[in-house]
Amino acid sequence: MKIRAKLDGDLVQVKVLMAHIMETGLRKNQQGDLIPAHYIQQITATHKDKVVLSAQWGPAISANPFISFKFKGGARGDRVKIAWVDNKGDTRTDETVIA
Amino acid sequence: MQHPRRQFLKSSGGLLATLVASGFLRPEEAMAGDWNKAAFEAKKMDDLLKVLGGAGAKPSSEISIIASDIAENGAVVPIQIISKHDNTQNIAYVIEKNPNLLAANFTIAEGTLADIDTRVKMAQTSDVYALVKANGKFYYASKEIKITLGGCGG
Amino acid sequence: MMRSTIQACIAIVVLFLPAHSIGNDEHVTNEIQKYRQMLQEGNPAELMELRGEELWTTPRGPQNATLEQCDLGLGAGQLAGAYAQLPRYFADTGKVQDVESRLAYCVTSLQGLSVEQATQNWFKPNSDMEALVTYVATQSKGRAIALPLGHDKEKEMAAVGEEIFYRRAGPLDFSCATCHSQPDRRIRLQELPNFGDNKSAQSSMITWPAYRVSQSAVWTMERRLIDCLRQMRYPDADYLSDTVIALQSYLQQQARGGVMEAPGIKR
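Residue numbers (our numbering), protein chains in the order written: chain B, 1 to 99; chain F, 1001 to 1154; chain W, 2001 to 2267.
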């Protein structure tokens, strides 16, 4: 994951790039078999343990997802944490410091 | 200390948020088991709206869909949705001609702007709907995005 | 999907239209520009770059060494601007090498891994080579493409590349020049860079390696060229072969002066 959080006036601009195949489960491999669905289902962004954004996703979010959003109340040096869970139960968490 | 996870996971977002904030649950634990399967499997707009509780969604000029009219490849279509409605609680990306309509449903916390930018897959040229829940009511806007056939790859 | 791509390319004789003849063309051009611009942010190539940096700095292989002593032409471990001056001649191998063949050499000589291990899955997303090339190329951002031509072998490689570029072959009797030597040409809505023109050549070469959204992977220039040759129905060019090194030499020469922007992101 690559997370960037930048303070711009009173808003923190957060941009996140996640590594995930986001396989829809509708594609077939060369043998003609369906490739199993494998995609992030839930994602949570927290600032100082307060959830600032959460989302439920389906496989129609593009591979290697990117999201961008803004929230108020952050200060330079605060940590912003992003966590996701996919349909196989894998999770990933990462954090950054607001610049 | 035992964390009685399962019973908490079925509870409301408010309780989960409190549990996360107090360090009792990690965010990823709060998320597991909550995913709205019925919504993500809806193939018709009426069914999706019913599942989300949005039957009677009204068209709204307070919702902007920022995207190019033409996408060179349906695998990655950048779309930004902005809602000017007060107390926007949710912003959902709905793609009419996709095998399953709902692509994503974002929950906007207080203090977070109702302004989300992400990338979605579009199976073909289609209307894209921005479905917004604000003050308990549902609104929507739509935009057609054309998917082109490319040349040899660029 | 692959079959229809080939069919599309075969059909170019019919669809081979001047770019300005697109109906309602200004709107189409503007919207495609807007799409490309919106894509630029959040380029997944950044994730590959991070992985490439990790591969560069992590000890691996029987010799338990990092790649930090790898010489890409500007001295051991000197990455800044190196990609913009490749392919070039290396005295230690006696060959003109591109970024991939040079990286393969470093992996084998410094780390003791085999060529097979170094180039494993080069044609699949998330290979080591993809990550390393992305990392190395990013270190040339802002640098001008300047193909070295001081050594006889460098001159020869570029000349061979030019020869291949213009030579018609294969069952379709195509050369690279068939599609890439005239101004304002397109296939469907995809403009074709004109490698006969320095500015047009620059606009293409500065964006490679690039994340291809259609592949969910970063494609290197070598990978792209091998695919072009496949689309022309040529016999397969081997990975790391002189054919693709020669073509890269010629194309880099045609794009001289172009300021690197890679990694790009494209359809």
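Just so you know, the hints here were simulated from the structure itself, not pulled from any lab data. The structure displayed is predicted, hence computed values, not measured ones. Be careful, since some hints might not be right.
What the hints assert, rightly or not - Per the computed footprint, the stretches of chain B lying under chain F, defined by three or more beta-carbons under 8 Å from a beta-carbon of chain F, are:
hint : stretch
1    : 27-38
2    : 53-67
Stated by the list, open to error - Here are the simulated DSBU-like cross-link-like pairs (lysine-lysine), alpha carbons at most 30 Å apart as the crow flies:
hint : chain 1 : residue 1 : chain 2 : residue 2
3    : F       : K1058     : F       : K1137
4    : W       : K2095     : W       : K2034
5    : B       : K2        : W       : K2153
6    : W       : K2141     : F       : K1097
7    : W       : K2141     : B       : K15
8    : F       : K1084     : W       : K2034
9    : B       : K28       : B       : K72
10   : B       : K72       : F       : K1097
11   : F       : K1097     : W       : K2153
12   : B       : K15       : W       : K2153
13   : F       : K1097     : F       : K1137
14   : B       : K28       : B       : K81
15   : F       : K1084     : B       : K50
To be verified - If the Cβ cut is set under 7 Å, some of the chain W residues that face chain B in the computed set are:
hint : residue
16   : E2046
17   : L2047
18   : G2061
19   : P2062
20   : S2216
Using N, Cα and C, we set each Cβ at its ideal position, and we do this for glycine too.
Which of the numbered hints above does this structure break?
Violated hints (numbers, rising): 1, 4, 5, 6, 9, 10, 11, 12, 14, 18, 19; every other hint is consistent with the structure.
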